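Protein chains in written order, with this note's numbering: chain H, 8 to 155; chain B, 8 to 155; chain C, 5 to 433; chain Y, 5 to 433.
Any given hint might turn out to be false.
Said to hold, decoys possible - Computed cross-link-like contacts, DMTMM-like style, restricted to lysine to aspartate or glutamate with a CA-CA straight-line distance of at most 25 angstroms:
{"no.": "1", "chain 1": "B", "residue 1": "Lys51", "chain 2": "Y", "residue 2": "Glu285"}
{"no.": "2", "chain 1": "H", "residue 1": "Lys51", "chain 2": "C", "residue 2": "Glu285"}
{"no.": "3", "chain 1": "Y", "residue 1": "Lys134", "chain 2": "C", "residue 2": "Glu285"}
{"no.": "4", "chain 1": "Y", "residue 1": "Lys43", "chain 2": "C", "residue 2": "Glu90"}
{"no.": "5", "chain 1": "H", "residue 1": "Lys51", "chain 2": "H", "residue 2": "Asp38"}
{"no.": "6", "chain 1": "C", "residue 1": "Lys43", "chain 2": "B", "residue 2": "Asp25"}
{"no.": "7", "chain 1": "Y", "residue 1": "Lys43", "chain 2": "H", "residue 2": "Glu22"}
{"no.": "8", "chain 1": "H", "residue 1": "Lys45", "chain 2": "Y", "residue 2": "Asp365"}
{"no.": "9", "chain 1": "C", "residue 1": "Lys43", "chain 2": "Y", "residue 2": "Glu71"}
{"no.": "10", "chain 1": "B", "residue 1": "Lys51", "chain 2": "C", "residue 2": "Asp365"}
{"no.": "11", "chain 1": "C", "residue 1": "Lys43", "chain 2": "B", "residue 2": "Asp31"}
{"no.": "12", "chain 1": "C", "residue 1": "Lys43", "chain 2": "Y", "residue 2": "Glu68"}
{"no.": "13", "chain 1": "Y", "residue 1": "Lys43", "chain 2": "H", "residue 2": "Asp25"}
{"no.": "14", "chain 1": "C", "residue 1": "Lys43", "chain 2": "B", "residue 2": "Asp30"}
{"no.": "15", "chain 1": "C", "residue 1": "Lys134", "chain 2": "Y", "residue 2": "Glu285"}
{"no.": "16", "chain 1": "B", "residue 1": "Lys45", "chain 2": "B", "residue 2": "Glu139"}
{"no.": "17", "chain 1": "Y", "residue 1": "Lys134", "chain 2": "C", "residue 2": "Asp270"}
{"no.": "18", "chain 1": "Y", "residue 1": "Lys341", "chain 2": "Y", "residue 2": "Asp416"}
{"no.": "19", "chain 1": "Y", "residue 1": "Lys43", "chain 2": "C", "residue 2": "Glu68"}
{"no.": "20", "chain 1": "C", "residue 1": "Lys43", "chain 2": "Y", "residue 2": "Glu90"}
{"no.": "21", "chain 1": "Y", "residue 1": "Lys43", "chain 2": "H", "residue 2": "Asp38"}
{"no.": "22", "chain 1": "H", "residue 1": "Lys51", "chain 2": "Y", "residue 2": "Asp365"}
{"no.": "23", "chain 1": "Y", "residue 1": "Lys43", "chain 2": "C", "residue 2": "Glu71"}
{"no.": "24", "chain 1": "Y", "residue 1": "Lys43", "chain 2": "H", "residue 2": "Asp28"}
{"no.": "25", "chain 1": "C", "residue 1": "Lys134", "chain 2": "Y", "residue 2": "Asp270"}
{"no.": "26", "chain 1": "C", "residue 1": "Lys43", "chain 2": "B", "residue 2": "Glu22"}
{"no.": "27", "chain 1": "H", "residue 1": "Lys71", "chain 2": "H", "residue 2": "Asp112"}
{"no.": "28", "chain 1": "B", "residue 1": "Lys71", "chain 2": "B", "residue 2": "Asp48"}
{"no.": "29", "chain 1": "H", "residue 1": "Lys71", "chain 2": "H", "residue 2": "Glu17"}
Read the hints as simulated data drawn from the structure, not as lab findings. Keep in mind the model is a prediction, meaning the values are calculated, not measured.
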Amino acid sequence: MSLSESMNIEQLIQEFEDLGDWDDQCDYLIDLGRELPKLPDHAKTEEHRVRGCQSNVWLVSEVKAGSPPRLEFIANSDAIIVNGLIAVVTILYSGRTPQEILEIDPRQVFARLGLERHLSSQRRNGLFGMVERIRHLANEAAANSTAK
Amino acid sequence: MSLSESMNIEQLIQEFEDLGDWDDQCDYLIDLGRELPKLPDHAKTEEHRVRGCQSNVWLVSEVKAGSPPRLEFIANSDAIIVNGLIAVVTILYSGRTPQEILEIDPRQVFARLGLERHLSSQRRNGLFGMVERIRHLANEAAANSTAK
Amino acid sequence: MNGQPPMDQNIKPGTFDPGQLDVERIRREFPILHRPLPKGLPLVFLDSAASAQKPHSVIDREREVYENFYANAYRGVYQFGARVDEELEGTRARVQQLIGAEEPDEVIFTSGTTMSINLVATAWGRRFLKTGDEILLNPMEHHANLVPWQRVAGDCGAACRYLPLTADGRLDLSRWDEYFSPRTRMVAVTGMSNVLGTINPIREIAQRAHAGGAVLLLDGAQSIPHSPTNVREWNVDFLAFSGHKIYGPSGVGVLYGRRDLLEAMDPFLGGGHMIDRVTLEGSTWAQPPAKFEAGTLPIAQAIALGTAIDFVQGIGFDAIERHEQLLLRYAHAELSKIRGLRIHGPSPEHKGGIVSFTIQDAHPEDLAQLMDRRGVFVRHGHHCTMPLHEWLGVSATVRASFGIYNTPAEVDSLVSAIQFARQKLRLPE
Amino acid sequence: MNGQPPMDQNIKPGTFDPGQLDVERIRREFPILHRPLPKGLPLVFLDSAASAQKPHSVIDREREVYENFYANAYRGVYQFGARVDEELEGTRARVQQLIGAEEPDEVIFTSGTTMSINLVATAWGRRFLKTGDEILLNPMEHHANLVPWQRVAGDCGAACRYLPLTADGRLDLSRWDEYFSPRTRMVAVTGMSNVLGTINPIREIAQRAHAGGAVLLLDGAQSIPHSPTNVREWNVDFLAFSGHKIYGPSGVGVLYGRRDLLEAMDPFLGGGHMIDRVTLEGSTWAQPPAKFEAGTLPIAQAIALGTAIDFVQGIGFDAIERHEQLLLRYAHAELSKIRGLRIHGPSPEHKGGIVSFTIQDAHPEDLAQLMDRRGVFVRHGHHCTMPLHEWLGVSATVRASFGIYNTPAEVDSLVSAIQFARQKLRLPE
Ligand SMILES: Cc1ncc(COP(=O)(O)O)c(C=O)c1O
Ligand SMILES: Cc1ncc(COP(=O)(O)O)c(C=O)c1O
Numbered sequence: 008m009s010l011s012e013s014m015n016i017e018q019l020i021q022e023f024e025d026l027g028d029w030d031d032q033c034d035y036l037i038d039l040g041r042e043l044p045k046l047p048d049h050a051k052t053e054e055h056r057v058r059g060c061q062s063n064v065w066l067v068s069e070v071k072a073g074s075p076p077r078l079e080f081i082a083n084s085d086a087i088i089v090n091g092l093i094a095v096v097t098i099l100y101s102g103r104t105p106q107e108i109l110e111i112d113p114r115q116v117f118a119r120l121g122l123e124r125h126l127s128s129q130r131r132n133g134l135f136g137m138v139e140r141i142r143h144l145a146n147e148a149a150a151n152s153t154a155k
Numbered sequence: 008m009s010l011s012e013s014m015n016i017e018q019l020i021q022e023f024e025d026l027g028d029w030d031d032q033c034d035y036l037i038d039l040g041r042e043l044p045k046l047p048d049h050a051k052t053e054e055h056r057v058r059g060c061q062s063n064v065w066l067v068s069e070v071k072a073g074s075p076p077r078l079e080f081i082a083n084s085d086a087i088i089v090n091g092l093i094a095v096v097t098i099l100y101s102g103r104t105p106q107e108i109l110e111i112d113p114r115q116v117f118a119r120l121g122l123e124r125h126l127s128s129q130r131r132n133g134l135f136g137m138v139e140r141i142r143h144l145a146n147e148a149a150a151n152s153t154a155k
Numbered sequence: 005m006n007g008q009p010p011m012d013q014n015i016k017p018g019t020f021d022p023g024q025l026d027v028e029r030i031r032r033e034f035p036i037l038h039r040p041l042p043k044g045l046p047l048v049f050l051d052s053a054a055s056a057q058k059p060h061s062v063i064d065r066e067r068e069v070y071e072n073f074y075a076n077a078y079r080g081v082y083q084f085g086a087r088v089d090e091e092l093e094g095t096r097a098r099v100q101q102l103i104g105a106e107e108p109d110e111v112i113f114t115s116g117t118t119m120s121i122n123l124v125a126t127a128w129g130r131r132f133l134k135t136g137d138e139i140l141l142n143p144m145e146h147h148a149n150l151v152p153w154q155r156v157a158g159d160c161g162a163a164c165r166y167l168p169l170t171a172d173g174r175l176d177l178s179r180w181d182e183y184f185s186p187r188t189r190m191v192a193v194t195g196m197s198n199v200l201g202t203i204n205p206i207r208e209i210a211q212r213a214h215a216g217g218a219v220l221l222l223d224g225a226q227s228i229p230h231s232p233t234n235v236r237e238w239n240v241d242f243l244a245f246s247g248h249k250i251y252g253p254s255g256v257g258v259l260y261g262r263r264d265l266l267e268a269m270d271p272f273l274g275g276g277h278m279i280d281r282v283t284l285e286g287s288t289w290a291q292p293p294a295k296f297e298a299g300t301l302p303i304a305q306a307i308a309l310g311t312a313i314d315f316v317q318g319i320g321f322d323a324i325e326r327h328e329q330l331l332l333r334y335a336h337a338e339l340s341k342i343r344g345l346r347i348h349g350p351s352p353e354h355k356g357g358i359v360s361f362t363i364q365d366a367h368p369e370d371l372a373q374l375m376d377r378r379g380v381f382v383r384h385g386h387h388c389t390m391p392l393h394e395w396l397g398v399s400a401t402v403r404a405s406f407g408i409y410n411t412p413a414e415v416d417s418l419v420s421a422i423q424f425a426r427q428k429l430r431l432p433e
Numbered sequence: 005m006n007g008q009p010p011m012d013q014n015i016k017p018g019t020f021d022p023g024q025l026d027v028e029r030i031r032r033e034f035p036i037l038h039r040p041l042p043k044g045l046p047l048v049f050l051d052s053a054a055s056a057q058k059p060h061s062v063i064d065r066e067r068e069v070y071e072n073f074y075a076n077a078y079r080g081v082y083q084f085g086a087r088v089d090e091e092l093e094g095t096r097a098r099v100q101q102l103i104g105a106e107e108p109d110e111v112i113f114t115s116g117t118t119m120s121i122n123l124v125a126t127a128w129g130r131r132f133l134k135t136g137d138e139i140l141l142n143p144m145e146h147h148a149n150l151v152p153w154q155r156v157a158g159d160c161g162a163a164c165r166y167l168p169l170t171a172d173g174r175l176d177l178s179r180w181d182e183y184f185s186p187r188t189r190m191v192a193v194t195g196m197s198n199v200l201g202t203i204n205p206i207r208e209i210a211q212r213a214h215a216g217g218a219v220l221l222l223d224g225a226q227s228i229p230h231s232p233t234n235v236r237e238w239n240v241d242f243l244a245f246s247g248h249k250i251y252g253p254s255g256v257g258v259l260y261g262r263r264d265l266l267e268a269m270d271p272f273l274g275g276g277h278m279i280d281r282v283t284l285e286g287s288t289w290a291q292p293p294a295k296f297e298a299g300t301l302p303i304a305q306a307i308a309l310g311t312a313i314d315f316v317q318g319i320g321f322d323a324i325e326r327h328e329q330l331l332l333r334y335a336h337a338e339l340s341k342i343r344g345l346r347i348h349g350p351s352p353e354h355k356g357g358i359v360s361f362t363i364q365d366a367h368p369e370d371l372a373q374l375m376d377r378r379g380v381f382v383r384h385g386h387h388c389t390m391p392l393h394e395w396l397g398v399s400a401t402v403r404a405s406f407g408i409y410n411t412p413a414e415v416d417s418l419v420s421a422i423q424f425a426r427q428k429l430r431l432p433e
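All chains, full assembly: derive it from the sequences and hints.
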């Protein structure tokens, strides 16, 4: 089990607070990034590419049946620090129901992590590109589960 | 006989020097402008319009037969201060042979008059537009007189 | 602008009510206003409609960018790069708020109003105008809002039509139906005439344009600095304005466009940042605003534009409008007393702070040059509105225009400079 | 660039010969270089190819314009108007002299290189390109010198062809005849690659282009700040460059065009100042440069560009080239020692002061971000040259670029920042 799979978002926020300094937080993002579960190459298609990121980011979701269903996300970038940010996003969103996903205010979470102070607006666009895709997938899953 | 007809360029330069101050020189340009011989309205055609002036300027020339011939210039603007500048130009060029006209370095004369310090580059473009037209007419006159 | 108490035509500086605006405090913000001219004459700057002076906060801001965190925009992850991006987005948000746009990404940085209008005329026009289509303009428009339309109309086989003016220089909306046809695709109109001062009823024009299925472009170059603008409430589709007229730096302007229109249009300039992918075979485009921001932006200038907006909003449009209206009315009253002087354009209740005039038997160029000798800076000429001057029947006018820093005493200086010029030109007393 | 003595590959800062250039004195002119970063780290700015920092003379100049004589240009007879006109003409003359143009009126102010090239691609291209005509480009060009040509080619039925590069990233002129055809009307080429650093032999290319009846456009964005340029001697027809890369303000650029070409072309933007007459029926154009300078210019920026040119010429291109070559050679020597690091582009004798590299198993974005933590500012990405990166076989590179203020000690900082990043990314020692 990787670092990001064993942790919830409150623990992560605590960890970031303990680290305090951006340099240490950035090192920690690298650690998270290195341990991120890998996407198989065949999943790195144009369809799964997330718009708005400077480096390539691919994101796929899996719906765990149930009522309500829960979504798991796996995403990868070629850049490690971006993978660290992806870990943050999956800690925040993976394993949740569509309803829960849509209720999260990601801006508030990133603010508590202190990330917006250290990410360029381009990077933040990338992050929100991922969030948008996740919310879109959650909407789809919600529609599918009520349609059934 | 108007002020500008009774004067040569050295006298004008002396006058400008005596006046000293731009305000007084400008008043003097107004006087020169007011006394400028008038072009008849029918001469104010597109053909006689000088390019590069902010206000309208029309210029016509007359060749006084002789060998070599001498050129007279009459030009008018709707603006009085421009008419004053036209008076300066005609004092400098009128009654001269094509050869003499082409030998004049107008920049040097305007510099001695101190005009370039007080005229915007647009105004100076207008002045040089007039000078260019005059040199063109002098060239024409020279060509005509040798052709004969 | 309406609901103003009627003014005493004989109001004098001493009794002048400056409204909520402390003009002396504002003047202290503008370093240039305190430089004496040769011979110790005070500067009377009455050419803000051509370009406004800059408060020191704006001047300092450009310097701060260069001295503290300058870098190219949208390109680096390093600290200065990120800071510049941040600051640019800050200006975008301020513009969004200033004009009431839905999102900051509808705000595009350009080099000025002229560029903004050309962008729309080309990138929207070439895409959507077909043979037989019409563009509705009018004779009071600035060349920047005429020439680009004439050119794209020529390229696309479309036609420009011109809504006539009323005798006093307002749009004659009673004749709208004669000029707006089912083929009208674009209505391009100025918020305020840069010569007559006329303020146009944009909300109503937008409603008429949309009712007929046309798109509305507002040339806000003159109106933006002097009165509130709200693109959403007014239903404006495109809005163009310049930083340098709203007390910001030269070199930067804005185009606002409704998102769906920006997405549907072609790009204008090609180059860096506006692309999604480039190959030797061809290219695809980025999303707006990047799609329209090819190449290096006017970085320091766009950032300082945000400061100019803060400055103007710190004073507030209520106070600004009130102040400039008082100046305008006082100027109208005083200038009307001058022999042979004719003010072109409507009465003050239909105008912003611009007074263009001619004086019988005096050429505007002579007037402007002579007034300059008294330290009064006014513009003369056709003010980039030749068709309007054709309509006025004069080849040139003298224009005095007011900004937030002008005072009633400067109106008095204007009057005495005119009297000085009249005397120098030996016009009758 | 040639005739340089061969360099000791192991040269060290202490023994480094700074040539005629007193870099410490130059650094004192740049306020930003003396602001410590958070944690007291010194700034190591290695992104001058994206945009250069500004000496205080340039910063002060813009301020001086705003504080002492600001007004709109080419519009007023009043004192400030005349002064602004004067100063702008002063910059025009300085540019003329810098690039060896015949007359100042061949110098047009634009908002930057991107705008300048788009202007030519549109106003010259749409006028003169016919179906079947060809434009000769190459894969090292910046998007600003690719996308506009692709777009105008598409509009006119012309085709873009691409002269191949040699294996080390130079133009392969031996294959000229395969790619230059009797239908080639335009050759557009960069003076210096913004990624590889490659310096192209413009004089020779111009000769070849003209021999075949084509027009030559030089993208001088990268070359102008670092080496002498002479459009007349080299027979360059159009030259584009940006103020912000030659230590001038953001928001201003230049297009040089040979007078006869400028006269024959259409205008680009329509608006104020570029017209001769405007009527409701149509318009005629002014002479160059006005014809291409629609709307309010970047006034303070264009004036301060003149100051930047004075600054650069005060140092002299001899000293600049020598200094930047020494930095480049030292950087090549030191970076080559780093495990897994590959420099893209030719050897230093064919290059200007740019080093773009990749490191095995490290993403350029991670490298740049980690180097930022050591105060070393480099750029990563495709640097607006996607086709070149395609050709290089990498999606991104890290680029360090040198300006007149960089020092050999900063090359050492670059190296140690790379080592720091490698360690953070757990790459093998
Ligand atoms: C070679 C080259 N051409 C064109 C440009 C575009 O210049 P600007 O962004 O100033 O318009 C650049 C700068 O990035 C460049 O390096
Ligand atoms: C009404 C109007 N539109 C457009 C413009 C053009 O603005 P700019 O010269 O800043 O592009 C002006 C300014 O002169 C103007 O007054």
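A quick look at each hint next to the structure:
no.: 1; hint: B:Lys51 / Y:Glu285; verdict: holds, 24 angstroms
no.: 2; hint: H:Lys51 / C:Glu285; verdict: holds, 24 angstroms
no.: 3; hint: Y:Lys134 / C:Glu285; verdict: holds, 19 angstroms
no.: 4; hint: Y:Lys43 / C:Glu90; verdict: holds, 21 angstroms
no.: 5; hint: H:Lys51 / H:Asp38; verdict: holds, 22 angstroms
no.: 6; hint: C:Lys43 / B:Asp25; verdict: holds, 19 angstroms
no.: 7; hint: Y:Lys43 / H:Glu22; verdict: holds, 22 angstroms
no.: 8; hint: H:Lys45 / Y:Asp365; verdict: holds, 16 angstroms
no.: 9; hint: C:Lys43 / Y:Glu71; verdict: holds, 19 angstroms
no.: 10; hint: B:Lys51 / C:Asp365; verdict: holds, 18 angstroms
no.: 11; hint: C:Lys43 / B:Asp31; verdict: holds, 14 angstroms
no.: 12; hint: C:Lys43 / Y:Glu68; verdict: holds, 21 angstroms
no.: 13; hint: Y:Lys43 / H:Asp25; verdict: holds, 19 angstroms
no.: 14; hint: C:Lys43 / B:Asp30; verdict: holds, 11 angstroms
no.: 15; hint: C:Lys134 / Y:Glu285; verdict: holds, 19 angstroms
no.: 16; hint: B:Lys45 / B:Glu139; verdict: holds, 21 angstroms
no.: 17; hint: Y:Lys134 / C:Asp270; verdict: holds, 22 angstroms
no.: 18; hint: Y:Lys341 / Y:Asp416; verdict: holds, 12 angstroms
no.: 19; hint: Y:Lys43 / C:Glu68; verdict: holds, 21 angstroms
no.: 20; hint: C:Lys43 / Y:Glu90; verdict: holds, 21 angstroms
no.: 21; hint: Y:Lys43 / H:Asp38; verdict: holds, 23 angstroms
no.: 22; hint: H:Lys51 / Y:Asp365; verdict: holds, 18 angstroms
no.: 23; hint: Y:Lys43 / C:Glu71; verdict: holds, 19 angstroms
no.: 24; hint: Y:Lys43 / H:Asp28; verdict: holds, 11 angstroms
no.: 25; hint: C:Lys134 / Y:Asp270; verdict: holds, 22 angstroms
no.: 26; hint: C:Lys43 / B:Glu22; verdict: holds, 22 angstroms
no.: 27; hint: H:Lys71 / H:Asp112; verdict: holds, 23 angstroms
no.: 28; hint: B:Lys71 / B:Asp48; verdict: holds, 22 angstroms
no.: 29; hint: H:Lys71 / H:Glu17; verdict: holds, 23 angstroms
Checked against the numbered hints above, the structure breaks none of them.
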